[in-house]
Each structure stands twice: as structure tokens, then as C-alpha cells.
Amino acid sequence: MDPNASLLLLLTISTDISEEVIFIYNKELEEIAPQNIFWYPKKGQNGDAEFIWKEKKLKQWLVIGIDREIKQITDNLLINKIIKIEFGQKQVIFKLDVNQISPYEEEDIERINNIPLCIETIKYRFDGLKTDISAFVGQANNCSALEGYNIDVNIKPILPYGFLPKGFLFQNFQNFVLGFFEERGIYSYLRGDIKTNKYSDPNLFYGFVQSSQEFKRNHKIEIHELDSVNILGEGQINIDTGVWNLELTKPAGQGKFLIKGINNDPKTCGHNFFLIKNINLDLKIVNRSIKDMYGRVINITSDSQIKAPLSDPLLWIKDNSSDSNKAELELSEKYTEVLLSLCKTITICDPYLLGDLDEDNGTLKISKDQHAFFNALFLAIIIGDIQELKLLCNWGKTKKFCNSDKQILISRYKSLFNDINKNILQAEKQIKVSIFFCQSPFHDRYWFGKNNDKDLVYHISNSINGIFDNGEVIFTPVGGNNNYQERMKLDRRLKDSSIEIITNGTN
Amino acid sequence: MAQINKFDLNKTLENRIEEIVQFLYDYFEPNLGDTFSIIDPYLEPYSHIQEAFDNGKVEINIWAFFLSYISDEEIEVKFITRKSLDNLKKINEKYPIELQYPASSKNLTINMCQFRDGLYNKHELHDRWILKQSAAGEFKGIHLGPSLSDIDKKDVTITTFSELTLRDANTRFQYLWDICLKQNKVKK
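Going line by line, the protein sequences match chains G and X.
Numbered according to numbering that gives the first Met the number 0, the first sequence spans residues 0 to 506.
Numbered according to numbering that gives the first Met the number 0, the second sequence spans residues 0 to 187.
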């Protein structure tokens, strides 16, 4: 009997009325279907599915059945956007709250013109999805935890384990490609035998094809040149084991791999291939490693890292992380990305400075917000190119949230940055810091820098000390005339300020 | 007592806005529990305040700038204007309309009422006032020359008054506020 089983995986956000579908994966299997459609325990059996992320009301539903039955559920969702499924006395409504669902095709360098891939997956993009999926879009950690490649105490992995490859959810959620139909295909792999020619392309190839004996009998392997129809080699597939071996007429590091029909079988499938070769390793001497403020080990090399300027707004939302510690780490990582793009001299304009610094028995105490920022600054100085930091504030506003007077606050900032300089000295880095106390009032928060002679201005939605309470922050690049105007305003305010040198950067 | 913030070709509008906001801030010394009562017939709630916050253009809109500057404390602000409240993203639909304050601070409660000239009691609005009553019942206030949103190329005269006059002005504000609320009930 031919395989006829399909597996359907749904992810839903549970509401009082319905299950709002946010992800569909229908896979045809190499198995015989059970007699009756089967919903897995806690994944839909008796109409019940447990939360896999309780806070986000996320559930996984998993069902196996005959191809036709499972496809019908999928089609109902994709075409009608709703399906009501009866589980005895209980009815569950699955709804897709979306404007439009359309097939999604992306450029695939593996695809050969007019030849199907051996495993085809039809993808669907959900345009105008109204269900909130912000916890997954751009959220690599959350997606990885769902895939099962990352442990998160709040998020259970999708079953079966390893169903989705690493990075799959992150990549597809970003593009709102959330529907998949994987047809039953021919699983195969190809390898070049690099032992034959260690430093150049191989001419011996081997691989494996998984399929029925009849298929293997009626097909052969061919390898063609990538950019022509010239055949470099062809061979049989072992009917019993599925293994094949080829010796090509000349070495090849890339080409077309075809499983070609013979004996009047017209079915042919295949793909382009590009071998990963031995390359000369660009050895970066890791001079030393350091621990950041979260205890992570960072290797320092001799090259400075510079990030590209932000082209789109960069957003951090506290509630998109599964817990507060992860949220803080992710915020720190966003800061690092922004700071590395601003390069050598960074000016931060915030009426409230970076917040108050408390002291307890001679030890400086910093808030969660400040911890995230200072860790990012620490890292960005060490791995990047930052040499100077200017902080523009308005004392009239800063003092509202300070427990100490101006001189005490300044001395605490000096102490903090002297500490930072002592630590970064081991990486042969130092930073110069000044505070500019602006006489005139201002409100908006901006960060300024220069990347490859390009003047950068980022608008920040919140003061650094207060982001956690607020729960979100957005960094928005400012271009055009506004960029110029803000820089001119900055120049005026800096001139209008009294300056306090916090550290010259010489330890 | 009067002060004048003069139109000056050597100063940008931005400079003057900063000066006026700083003056107002220093004069009023906003504190927890204050109530500000403001009449400006030409204040446009959406474009002068809410849109300025939404689009990050606080510093070029004097009302938004002033509000953001006093927002470190829990303060109530009442506005009477002749201009429409229709474009506002509102918290409520009853009068007075509560304005959604999207800035990082959630300290300000801003209530707005549109005064419809010629209705109920046939009052019309003209004067511009900013009045403050502290939690302890003390008054501060100023009368303004032009509307604050219209200071470009104009001198801004700021007049302060005695406590007695300010109490009187505050009483008058409350009277106009009640009329404003009644006008809007009648309309509904």
C-alpha cells in the first residue's frame, strides 16, 4: 500500500470564542494513515489542547489522518478562513483572521528551471493578519524555543521534536509566511568526496535516495554542469539500499543534481548544488576574552566591529520576551547594535541624563535600565570603535529624579566611568566622557554619531532610565532635513551648556 | 506686572519657544497635585498637542512642549478652547473629553472642553489665561498676549496678577467650564 498519511500542525492564539490560527504546516508523510483521524493527546484530543506558552495563550494542535481528510482541514482554513471541528459534544472553531492569503514564491538558487524539486513545499503568505504575533516576529529567542533548539522555562517546544529546522520560524514569521503544504517527495542527499582532491573540486560523488524499490528501479542519477546541459556523470540507484556512487568526467564544485525517470517514467526532479569547500581560514587571533555584566564570555579580536546604520526603526518590547531577565538581555543587545552603528563619538541627548546613581556603603547601585545600557556600552567600546561619549541633559529636569545634588551626581558618574575605563584597559581601550548641562529646556531624546562620514541621528522614544517601566523603546533613524535640523539644534545646545569632564580616558 | 518675550530676527521660533516654556516652568513650579486651568480660544487640541506627541514633534509645538515639561508630577490640566475636539484619539466620549497622553509619563490628566460661541448664555471666548491652583489651594496665573500657538513674528506679553485677582479669574474659569459642559450636553 502506498503511503497516504498526512500530519497537520496548527499554532493558535486561544480566545474565549475561537482558536485564532497563526501557523499552519501540513506535511504528507511516508506512512500509512491510521483508520480514523487522530488528534494527539493535549494537542487536540477531545477538543483539548494545552498552552505551550501560557502568557501568550499559544496552543499547538496536532493531527494525523488520510491525506485527503487533512488537506480538507487545511484548505478550509486557507480558503474559507474558518473551520468548525466537532469533538463529540465539544466544538472548536478555528479561525484565520487575515485580509488575504496568497502563495509565496521566493527566489531559490537551488531550483532548476522547469524541473521540480524532489520535495516541494507550497508556501502561503498571510497579509493583514489581525491576530497579534508580535511575540514571534523578529523574536529569535522565542522562535528558537518553540522549535526546540533553545530552552525556555515558559515556552514548550513544538512536537514532534525537530519537526521544524532551526531558524525556520524566525525567518518565516518575519515575512508573514505562515502556511505550508509539504508534498510527499523524494528525500535524497548528495556529497562530494573531498578526499580524492583535497584542495580542489571532487570528481567522486555519492548519495542516497529514499523511496520505493519501484521508484529506484525506474530512476537514475545524473549530474550536469551548472550552466549547461552537459552531463558530467550518471549512475544507478541501489534498489535495496538507495545508495548511489558516481565518478564525473571532470571535477565539479557545483552543478545540477537530477533524479531522472527511465523505463518510460517521466518523473524527474532535482536541484542545483553548490559544495561547501575547504577554504583558507582567516584566522583571527583571539587575544583575550572578557566577561560582560551578564556573565557572558566575549572573545576580543584585533578588528573593530562596526554595524551598519539603522535603516528602519528598531523596536524592543518587554512583553515579547518570556521573562524579565531575557527582556533585559535583549534590550542590552539592541543598545549594543545601535551603539556600534554610531562609531567613534556618540552624543546622547536626554533631559534626564542617564538617570540617578545611588550609592550604598561606597558601592554604586544601578537600575535594570542602566544595567542594560552600561553593559551594551561596555561591549560596544571593547568590540567596536567608540572613543568618546557626550551626554547632554537639562539639570532642571535631571534633578527632579535625583536623590543627590549636582556635585554628588557628577562625582558618582566619574566613579562609574573610571571603573569602566579600568576594566576596558585590559582590552587596550579607553573612553572619554563629558556631561553637558544645557541651559535651555528640551524634551526629545536623540542619539548622534557618524558612520563612514555619514551623520547619524536616531530618535529614541524614551529616556534610558524608565524604559523597563514603560515596557518599550523605539530607535528611529532620522533622515533628510530633520537630520540636519536636529544636528544644528544639538550644536546650539552644546554651545549653550556648561561642561563637566567626567573622564579624559587616561588611566 | 508684565513681561514681554519679544519677536527678534536674531532668534529662531524654536529659541523663543524654549524661552517661553522655561519661563512658564520656572514661574509655575509645577508640583504634585496641581491643577492647571487654561483658556486659549485658538488652541487646537489635535494638531497642537496630540499630533505633536504622536509624531515626535514636541519641541516645535509650544503647548506639547509645555505639557511634557510639567509631566514629571501628577497634575491635572483643564483646557477650554473654541477649536474642535473631533480629531482627537479620546479616552472617553463624555464631556469633558479626556485626552490620551501618549508620552512616557502617565502623570498628566488632560481634560478638554470645546466652548461653542453664541450658545447657552451667549458667551464668547477671547482671553488667554494659564492659571494654577496648588494642592494647598495657592494660586499662580498669567494672562497672555497672543495665543501661544501664534507667537511667530509677534511679541508675547505675559501679565501676572495679585492673588485676589487670580482667585477671581479662577472662579470665572470654573463658571465658563460649567457653561462649556452644559453647552455640550445641550448639543447632544
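Check each hint, because a few of them may be wrong.
To be verified - Keeping only pairs whose Cα atoms sit at most 25 Å apart, straight-line, the calculated PhoX-like set for lysine-lysine is:
(1) K89/X to K453/G
(2) K364/G to K306/G
(3) K364/G to K325/G
(4) K488/G to K93/X
(5) K398/G to K139/X
(6) K306/G to K317/G
(7) K181/X to K488/G
(8) K421/G to K431/G
(9) K181/X to K88/X
(10) K249/G to K259/G
(11) K88/X to K129/G
(12) K139/X to K449/G
(13) K10/X to K139/X
(14) K77/X to K494/G
(15) K488/G to K88/X
(16) K89/X to K129/G
(17) K152/X to K399/G
(18) K5/X to K494/G
(19) K152/X to K389/G
(20) K42/G to K219/G
(21) K488/G to K5/X
(22) K494/G to K10/X
(23) K42/G to K129/G
(24) K399/G to K89/X
(25) K77/X to K89/X
(26) K399/G to K184/X
Claimed, not checked - Computed beta-carbon distance windows for the label pairs:
(27) S410/G to T11/X: 51 to 61 Å
(28) N54/X to D318/G: 17 to 27 Å
(29) T11/X to K453/G: 58 to 68 Å
(30) K421/G to D154/X: 32 to 42 Å
(31) S83/X to S410/G: 20 to 30 Å
(32) Q406/G to T159/X: 42 to 52 Å
(33) Y26/X to S410/G: 46 to 56 Å
Everything labelled a hint here was simulated from the structure, so no lab data went into it.
In this text, all values refer to a predicted model and were calculated from it rather than measured experimentally.
C-beta atoms are modelled at their ideal positions from N, C-alpha and C, and glycine is treated no differently.
Here is how each hint holds up against the structure:
{"no.": "1", "hint": "K89/X to K453/G", "result": "violated, 41 Å"}
{"no.": "2", "hint": "K364/G to K306/G", "result": "violated, 30 Å"}
{"no.": "3", "hint": "K364/G to K325/G", "result": "holds, 21 Å"}
{"no.": "4", "hint": "K488/G to K93/X", "result": "violated, 41 Å"}
{"no.": "5", "hint": "K398/G to K139/X", "result": "holds, 23 Å"}
{"no.": "6", "hint": "K306/G to K317/G", "result": "holds, 24 Å"}
{"no.": "7", "hint": "K181/X to K488/G", "result": "violated, 45 Å"}
{"no.": "8", "hint": "K421/G to K431/G", "result": "holds, 12 Å"}
{"no.": "9", "hint": "K181/X to K88/X", "result": "holds, 22 Å"}
{"no.": "10", "hint": "K249/G to K259/G", "result": "holds, 21 Å"}
{"no.": "11", "hint": "K88/X to K129/G", "result": "holds, 21 Å"}
{"no.": "12", "hint": "K139/X to K449/G", "result": "violated, 46 Å"}
{"no.": "13", "hint": "K10/X to K139/X", "result": "violated, 29 Å"}
{"no.": "14", "hint": "K77/X to K494/G", "result": "violated, 37 Å"}
{"no.": "15", "hint": "K488/G to K88/X", "result": "violated, 31 Å"}
{"no.": "16", "hint": "K89/X to K129/G", "result": "holds, 23 Å"}
{"no.": "17", "hint": "K152/X to K399/G", "result": "violated, 34 Å"}
{"no.": "18", "hint": "K5/X to K494/G", "result": "holds, 23 Å"}
{"no.": "19", "hint": "K152/X to K389/G", "result": "violated, 35 Å"}
{"no.": "20", "hint": "K42/G to K219/G", "result": "violated, 41 Å"}
{"no.": "21", "hint": "K488/G to K5/X", "result": "holds, 21 Å"}
{"no.": "22", "hint": "K494/G to K10/X", "result": "holds, 15 Å"}
{"no.": "23", "hint": "K42/G to K129/G", "result": "holds, 24 Å"}
{"no.": "24", "hint": "K399/G to K89/X", "result": "violated, 30 Å"}
{"no.": "25", "hint": "K77/X to K89/X", "result": "holds, 15 Å"}
{"no.": "26", "hint": "K399/G to K184/X", "result": "violated, 41 Å"}
{"no.": "27", "hint": "S410/G to T11/X: 51 to 61 Å", "result": "violated, 36 Å"}
{"no.": "28", "hint": "N54/X to D318/G: 17 to 27 Å", "result": "holds, 25 Å"}
{"no.": "29", "hint": "T11/X to K453/G: 58 to 68 Å", "result": "violated, 26 Å"}
{"no.": "30", "hint": "K421/G to D154/X: 32 to 42 Å", "result": "violated, 55 Å"}
{"no.": "31", "hint": "S83/X to S410/G: 20 to 30 Å", "result": "violated, 53 Å"}
{"no.": "32", "hint": "Q406/G to T159/X: 42 to 52 Å", "result": "violated, 34 Å"}
{"no.": "33", "hint": "Y26/X to S410/G: 46 to 56 Å", "result": "violated, 32 Å"}
Of the numbered hints stated above, those contradicted by the structure are hints 1, 2, 4, 7, 12, 13, 14, 15, 17, 19, 20, 24, 26, 27, 29, 30, 31, 32, 33, listed in ascending order.
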